[in-house]
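Novice: Chain by chain, the residues run as shown.
There are 2 protein chains.
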Amino acid sequence: MTQKTASKKSKAASRGKSRTAKRLTVIRKVKDMQQYVKDARSKRRRIALVPTMGYLHEGHLSLVREARKVATVVVVSVFVNPTQFGPNEDLDRYPRDPSGDRRKLQQEGADVMFAPDLLELYPEGFQTFVDVAEITKDFCGASRPGHFDGVTTVVAKLFNSTKPHLAVFGQKDYQQLAVISRMVTDLDMDIRIIGVPIVREADGLAMSSRNSYLSSDERKSALCLKKSLELAKEMYHEGTTDAGQIKGAVESLIQKHPFTEIDYVTLCDPLTLEDIETLGDESLLALAVRVGRTRLIDNCLIRKKSS
Amino acid sequence: MTQKTASKKSKAASRGKSRTAKRLTVIRKVKDMQQYVKDARSKRRRIALVPTMGYLHEGHLSLVREARKVATVVVVSVFVNPTQFGPNEDLDRYPRDPSGDRRKLQQEGADVMFAPDLLELYPEGFQTFVDVAEITKDFCGASRPGHFDGVTTVVAKLFNSTKPHLAVFGQKDYQQLAVISRMVTDLDMDIRIIGVPIVREADGLAMSSRNSYLSSDERKSALCLKKSLELAKEMYHEGTTDAGQIKGAVESLIQKHPFTEIDYVTLCDPLTLEDIETLGDESLLALAVRVGRTRLIDNCLIRKKSS
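Chains as they are written, first to last, in our numbering: chain A, 23 to 329; chain B, 23 to 329.
One thing to keep in mind: the hints can contain errors.
Since the list gives no way to pick one copy over another, a pair counts as held whenever it fits inside one copy or between any two copies.
When the alpha-carbon atoms are kept at most 27 Å apart in a straight line, the in silico BS3-like pairs for lysine-lysine are as follows [unchecked claim]:
1) K44 to K126
2) K53 to K126
3) K91 to K60
4) K255 to K60
5) K269 to K185
6) K53 to K65
7) K249 to K326
8) K185 to K51
9) K269 to K126
10) K44 to K249
11) K65 to K326
12) K185 to K60
13) K326 to K51
14) K65 to K185
Calculated from the structure, these hints are not laboratory results.
Sequences and hints are given; from them, build the entire structure.
Specialist: Right, here's the structure in full:
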């Protein structure tokens with residue numbers, strides 16, 4: 023073997039190694055994050071942000087994979103944002119696993135884990151909020167006052183810290199996706215918002231960090247969310263277009279399951295989130311149900327079958 | 023003369039011409055503005071934004087000159103922003119002079135006049151606001167409810183449209199400057215805010231588009247604003263540090279002038295805008311006075327003389 027060949031082989035080997043063990047950069051300061059994306063943008067790289075509250079599951083990882091498809095730099099923020107939790111909500115017991123998150127992001131080939139601490143994002147004297155007015159009023163906004171102000175504020179901050187070309191959100195938080203799209207349009211943020219379909223467990227339960235709160239009996243009952251979405255689709259495809267009738271059937275299916283308490287069931291326009299009385303070509307069915315102490319959400323689009 | 027020399031001379035002439043008659047680009051759409059700054063940033067040019075409501079006077083032009091000192095691309099936005107006017111304020115009669123503004127900006131060597139129309143910035147369905155909570159409560163915030171929400175919202179939009187490295191504001195609107203600085207810090211906007219000292223008419227009246235509303239007698243009375251600032255400085259430098267005493271003297275000087283009605287007189291901390299009882303090394307005296315129907319503002323820092 024000539025020296026040249028050996029050198030080529032070793033280069034190839036190290037390339038291979040660097041592909042499987044791509045280094046994940048962990049950044050904790052806003053200024054460092056801004057410097058990182060400034061350098062990346064000067065190299066004409068395309069930046070995608072995946073905002074998360076950590077405790078990453080397959081749902082989050084599907085967002086990271088989507089981001090990798092459309093961008094050359096994938097930044098995943100991991101921050102449990104206190105301003106989107108109400109005073110009696112689960113901020114303190116919200117599950118956290120920073121080292122697991124880091125390992126998963128490393129495996130998925132994310133470039134940056136942006137994990138600022140509380141005082142980095144909310145220092146003393148902080149007093150500015152972004153407020154989307156109309157489409158935050160109902161559904162999760164009604165059940166969780168102030169929740170969406172916290173979401174839009176932190177997302178605006180994360181956008182300014184990471185300056186992404188694109189940002190990827192799950193369709194599971196459908197109202198959140200609509201609210202953020204509205205904010206981006208209204209404030210002229212030059213960012214493309216991508217929604218990724220819900221990822222489910224084998225039995226149909228939508229993945230959520232909060233599923234970890236469920237007892238084994240509650241876990242069984244929680245399947246009623248997905249079942250009720252299926253029932254609604256079935257009714258529509260069999261000819262029912264009356265929203266009240268479908269809503270009634272969904273609610274009674276859920277109520278038959280133990281430990282459940284309905285927060286809301288809504289049939290609405292997928293863009294404006296305004297209630298509808300009659301289902302047209304495309305409608306959104308969204309629901310929030312307490313199962314024991316745990317509040318779960320799920321949704322689906324109900325569409326005409328393509329012929 | 024050889025052909026070469028002639029060609030050199032003509033190039034020099036056209037360079038000279040292009041220097042004095044630098045072309046001002048007028049942009050009316052957010053997307054076009056974003057494309058312009060994207061190109062400028064890719065050439066590593068440094069962008070400064072000067073937000074204005076038009077009807078430009080020497081005060082505005084001093085901001086444009088400051089911007090030219092610190093940036094290679096100067097964008098001046100001209101937009102009379104309805105969301106910062108209250109229902110009984112002067113939106114309809116606010117003075118406008120788009121062709122004069124264009125000529126002045128051309129003369130000052132600004133690169134872009136960004137002049138979107140109303141529906142470009144506030145299309146149907148618009149519903150997102152940026153709200154700075156604490157330092158907007160008093161002074162102009164108290165007299166003009168909702169005013170600062172309108173200011174921060176439109177400035178956030180202008181920032182996202184023009185993506186400046188720096189933005190230049192007048193110190194005449196001192197509370198506005200403090201509120202915008204707070205928004206930039208709180209939302210992690212990567213923009214340096216520069217405040218430029220007040221520009222005054224020969225007789226001391228702070229320049230303002232609203233001065234054009236004043237009758238000739240009101241115009242004379244309006245000089246009491248600047249006189250009262252001078253009186254306060256004089257009292258401080260002669261040893262008075264009691265805020266109440268200085269405020270009392272300022273108010274009684276203003277009240278002696280016809281057509282005047284005090285909106286507020288405040289002595290406060292220049293950063294937090296919190297009221298002070300005793301003047302320290304640096305304090306802000308800010309005031310708003312109605313002269314006839316016209317509301318005028320003025321302010322000054324009261325500082326220890328440097329030894």
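Novice: Are the CA atoms of K326 and K51 at most 27 Å apart within a copy, between copies, both, or neither?
Specialist: neither (47 Å within a copy, 37 Å between copies)
Novice: Should K249 paired with K326 be assigned to within, between, both, or neither, using CA atoms and 27 Å as the limit?
Specialist: Close inside one copy (19 Å), not across copies (73 Å); limit 27 Å.
Novice: Can you give me the call for K65 and K185, within, between, both or neither, at a CA distance of at most 27 Å?
Specialist: both (14 Å within a copy, 18 Å between copies)
Novice: Cα distance capped at 27 Å. Does K44 pair with K249 within a copy, between copies, both, or neither?
Specialist: The answer is neither: 41 Å in one copy and 67 Å across copies each exceed 27 Å.
Novice: With identical chains treated as interchangeable, where does the CA-CA distance between K269 and K126 reach 27 Å or less: within a copy, between copies, both, or neither?
Specialist: neither (39 Å within a copy, 62 Å between copies)
Novice: Please sort K53 with K65 into within, between, both or neither, judging by C-alpha distance up to 27 Å.
Specialist: This pair counts as both: shortest intra-copy Cα distance 19 Å, inter-copy 23 Å.
Novice: If the cutoff is 27 Å on CA atoms, where do K255 and K60 land: within, between, both or neither? Let me know, please.
Specialist: Classified as neither: same-chain Cα gap 46 Å, cross-chain 45 Å, threshold 27 Å.
Novice: Can you tell me if K185 and K51 fall within 27 Å by alpha carbon in one copy, between copies, both or neither?
Specialist: Answer is both: 14 Å inside a copy and 21 Å across each meet the 27 Å cutoff.
Novice: For K185 and K60, with the copy left unspecified, which applies at a CA distance of at most 27 Å: within, between, both, or neither?
Specialist: Both: 8 Å inside a chain and 13 Å across chains, each within 27 Å.
Novice: Pop the pair K53 and K126 into one bin, within, between, both or neither, using alpha-carbon distances up to 27 Å.
Specialist: within (25 Å within a copy, 37 Å between copies)
Novice: When no copy is named, should K91 and K60 be tagged within, between, both, or neither for a Cα gap of at most 27 Å?
Specialist: both (21 Å within a copy, 23 Å between copies)
Novice: How would you label the pair K269, K185 (within, between, both, or neither) given a Cα cut-off of 27 Å?
Specialist: Neither: 41 Å inside a copy, 46 Å across copies.
The structure is inconsistent with the numbered hints 4, 5, 9, 10, 11 and 13, although it conforms to all the rest.
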